Amino acid sequence: MADDIKLTEYSRMAGCAAKLGPGHLEEILSRLPEETAPELLSSISSGEDAGIYLLRDDLVLVQTVDFFPPIVDDPYTFGQIAAANALSDIYAMNAKPLTAMNLVAFPCAIDKCHLEAILLGGYDKVHEAGAVIVGGHTIEDDEPKYGLAVLGTAKVGELTTLRGAAPGDALILTKAIGTGIITTALKGGMLTVSADPVIESMRELNAGAASMITSWGVHSMTDVTGFGLARHLYDMLRASGVAADLWAKDVPLFPETLAMVSMGMAARSSMHECIAEEKVEVDTGGVDELLVQCMFDPQTSGGLLAAVPPEKADGLIEALRSGPAPKAAIVGAIRESDVPKVTIRHSKKGSHGS
Amino acid sequence: MEVDIDCTGLLCPEPVLRTKKHLESAPGPFTVQVDNETARDNVSRFARTSGCEVSVLESDGKYQLTVTPPGDTRQADLPEVEEAWCPPVEKKTVLFISTDEVGKGERELGQTLMKMFLYTATESEIPPSTLIFINSGVRLVTENEETAAHVKKLEEAGAEVMVCGTCLDYYGLKEVLKAGRVSNMYDIQSAMIGADLLVSI
Chain S
1 MADDIKLTEY
11 SRMAGCAAKL
21 GPGHLEEILS
31 RLPEETAPEL
41 LSSISSGEDA
51 GIYLLRDDLV
61 LVQTVDFFPP
71 IVDDPYTFGQ
81 IAAANALSDI
91 YAMNAKPLTA
101 MNLVAFPCAI
111 DKCHLEAILL
121 GGYDKVHEAG
131 AVIVGGHTIE
141 DDEPKYGLAV
151 LGTAKVGELT
161 TLRGAAPGDA
171 LILTKAIGTG
181 IITTALKGGM
191 LTVSADPVIE
201 SMRELNAGAA
211 SMITSWGVHS
221 MTDVTGFGLA
231 RHLYDMLRAS
241 GVAADLWAKD
251 VPLFPETLAM
261 VSMGMAARSS
271 MHECIAEEKV
281 EVDTGGVDEL
291 LVQCMFDPQT
301 SGGLLAAVPP
311 EKADGLIEAL
321 RSGPAPKAAI
331 VGAIRESDVP
341 KVTIRHSKKG
351 SHGS
Chain Z
1001 MEVDIDCTGL
1011 LCPEPVLRTK
1021 KHLESAPGPF
1031 TVQVDNETAR
1041 DNVSRFARTS
1051 GCEVSVLESD
1061 GKYQLTVTPP
1071 GDTRQADLPE
1081 VEEAWCPPVE
1091 KKTVLFISTD
1101 EVGKGERELG
1111 QTLMKMFLYT
1121 ATESEIPPST
1131 LIFINSGVRL
1141 VTENEETAAH
1151 VKKLEEAGAE
1161 VMVCGTCLDY
1171 YGLKEVLKAG
1181 RVSNMYDIQS
1191 AMIGADLLVS
1201 I
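Residue numbers (my numbering), protein chains in the order written: chain S, 1 to 354; chain Z, 1001 to 1201.
Check each hint, because a few of them may be wrong.
[As the list claims (entries may be wrong)] For lysine to aspartate or glutamate, the following EDC-like pairs were computed, each having C-alpha atoms within a straight-line distance of at most 20 Å: (1) Lys1174(Z) to Glu278(S); (2) Lys1174(Z) to Glu143(S); (3) Lys341(S) to Asp1169(Z); (4) Lys1104(Z) to Glu289(S); (5) Lys6(S) to Glu158(S); (6) Lys1152(Z) to Asp111(S); (7) Lys1062(Z) to Glu143(S).
[Unchecked claim] Derived contacts from chain Z toward chain S, CB cut-off under 7 Å, selection only: (8) Thr1008; (9) Gly1009; (10) Leu1011; (11) Thr1049; (12) Cys1052; (13) Val1054; (14) Val1056; (15) Gly1172.
[What the hints assert, rightly or not] To list a few chain S residues with every Cβ distance to chain Z over 10 Å, as calculated: (16) Glu35; (17) Leu103; (18) Ala185; (19) Gly188; (20) Ser347.
If you are wondering where the hints come from, they were derived from the structure by calculation, not from laboratory data.
Values in this document were obtained by computation on a predicted structure and should not be read as measured data.
Just so you know, even glycine gets a beta-carbon here, dropped at the ideal spot from N, CA and C.
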């Protein structure tokens, strides 16, 4: 590296917190004409992680794109995280990534060696995933941004989507929560512990966890990104026609996450919007307000959220913890309901009715 | 009102960093203006974690937070004010109750003290003219039957009891309201501003 650079000084917002809120987006998308091609198996309004296009009777194309401003200072690490994050949507659908294209915005004022480092980080992750980078596009912009468009394929019967979560299913989360809070604290110079566990987690591919979960059997799966755990869970519930309890105390958090919320380091989230729209409710028995905030923390390259048959949950968690996802935990359960809704409860202990 | 720190248009964590800087350099209460809920929540949490008292006024999508640092001189003057104060009967006394326990310490003790506090109010020669229940204070007029009964008694004796509707919705307690009427921030604020004596718990 030529000289030290603090990339985050150039970003207005950290990582996936820069995502436009789901409410605003839904409103705009609802006014656009709907795609009706018979080969298109997903729709934008479903909140699905990636687009699904039927290529042959037995094969679908899975296509996704994601990019954001620097979330960490080191360019190579930022490249790795952006690539792991972009690839995550492919893994959430149990697809195999094949090709990727770089999307880059970069200021004239920053030495180009740093752009090279970002791209190298991306290359290394894409190669680790067994895919290839086939091209890209770069524009000039005051705020640097990097991400990738990724194309993958899946066998028709093996695709995992937001649909299929069934009453009684255990909800499994494979990575700790708190990347939005910790990176905000990092940017604000308030973090008193190392951000390394968060950085390690963000650049970890969801490949191993996805293949282990799907080999055990899974009903529905998504990845937790910019809208936060509770809101991504809501998308699963809406698509599956069920409700769920989310056990806030059982959700794994990065070290110091709660302390940083209490110091005012929460990233912009969908919390108030989700509660006002009754997509998410907080148990009247009382849940720590700081914990509730964490349930909406926007994640960059977050873990997988899977609804699995309850009898398999304990065995799967043990396998995940000793393998690809040391922080994996059971964080809730699916309930039968006509109204899709997430109920945030303090913990499994305080939960009832499921 | 003049705003000490205007954070309009600033994104997190900037409003908190500016609040922190101000708190470290200047003693005494100050106001912070923010224009989004995240910044409002963040500045409130930061200030409370730092031991400050925080009150929030909302208007036109902006939030004005008044931050009173711990051990502020105005609080130190309180005993003197109390000695000098002799309430005439027609004085409008407003109790602003934003918690379901009194003081900081063991929760069980705090809840018992709150029960005693409300009971004492019913026996007082100069009962409060208005009671405002907000945030976890709404538990006192909903799920907590003992305190709700005391408040009901005050209400029957002529006190106005205002309960924050947003808070009831948030905690899902609207269906079990046992005393008072559901109110909004506009009316609550009017009652506070119009008070001769505002007691905040």
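Do the hints match the structure? See the list:
1. Between Lys1174(Z) and Glu278(S) the alpha-carbon distance is near 14 Å, which keeps this suggested pair within the 20 Å criterion.
2. For the proposed pair Lys1174(Z) and Glu143(S), the alpha carbon gap of about 46 Å is over 20 Å, so the pair is violated.
3. Note on Lys341(S) and Asp1169(Z): the hinted pairing holds, with a Cα-Cα distance of about 15 Å set against a maximum of 20 Å.
4. A distance of roughly 17 Å separates the Cα atoms of Lys1104(Z) and Glu289(S); the hinted pair therefore holds under the 20 Å criterion.
5. At roughly 42 Å between alpha-carbon atoms, Lys6(S) and Glu158(S) are farther apart than 20 Å, so this suggested pair is violated.
6. Annotation: proposed proximity of Lys1152(Z) to Asp111(S) is violated, straight-line Cα distance about 70 Å (limit 20 Å).
7. Under the criterion of a C-alpha separation no larger than 20 Å, the hint pairing Lys1062(Z) with Glu143(S) is inconsistent with the structure, at around 27 Å.
8. A hinted interface residue such as Thr1008(Z) counts as satisfied when its beta carbon comes closer than 7 Å to some beta carbon of chain S; here the least separation is about 15 Å, so the hint is violated.
9. Annotation: Gly1009(Z) was flagged as interfacial toward chain S, and the flag is violated, the nearest CB pair being 11 Å apart, outside 7 Å.
10. A cut of 7 Å between beta carbons decides the hint on Leu1011(Z): the least distance to chain S is about 6 Å, and the hint holds.
11. A distance limit of 7 Å between C-beta atoms decides the matter here; for Thr1049(Z) the minimum to chain S is near 5 Å, and the interface restraint holds.
12. The restraint placing Cys1052(Z) at the interface with chain S is violated, with a minimum CB-CB distance near 12 Å, outside the 7 Å limit.
13. The interface hint given for Val1054(Z) is violated, since its Cβ lies 11 Å from the closest Cβ of chain S, which is over the 7 Å cut-off.
14. Below 7 Å, beta-carbon pairs count as interface contacts, and Val1056(Z) has none with chain S, the closest being about 14 Å; its hint is therefore violated.
15. With 7 Å as the threshold, the beta carbon of Gly1172(Z) comes within range of chain S, its nearest partner Cβ sitting at about 4 Å, so the hint holds.
16. The Cβ of Glu35(S) lies farther than 10 Å from every Cβ of chain Z, with a closest approach of about 34 Å, so its non-interface assignment holds.
17. With a closest Cβ-Cβ approach of about 23 Å to chain Z, Leu103(S) is found to remain outside the 10 Å limit, as its non-interface label requires.
18. With a minimum CB-CB distance of about 7 Å to chain Z, Ala185(S) fails to clear the 10 Å threshold, and the non-interface call is violated.
19. Distance check on Gly188(S): its Cβ comes as close as 3 Å (rounded) to a Cβ of chain Z, failing to clear the 10 Å threshold; non-interface status is violated.
20. The beta carbon of Ser347(S) sits about 18 Å from the closest Cβ of chain Z, which is more than 10 Å, so the claim that it is off the interface holds.
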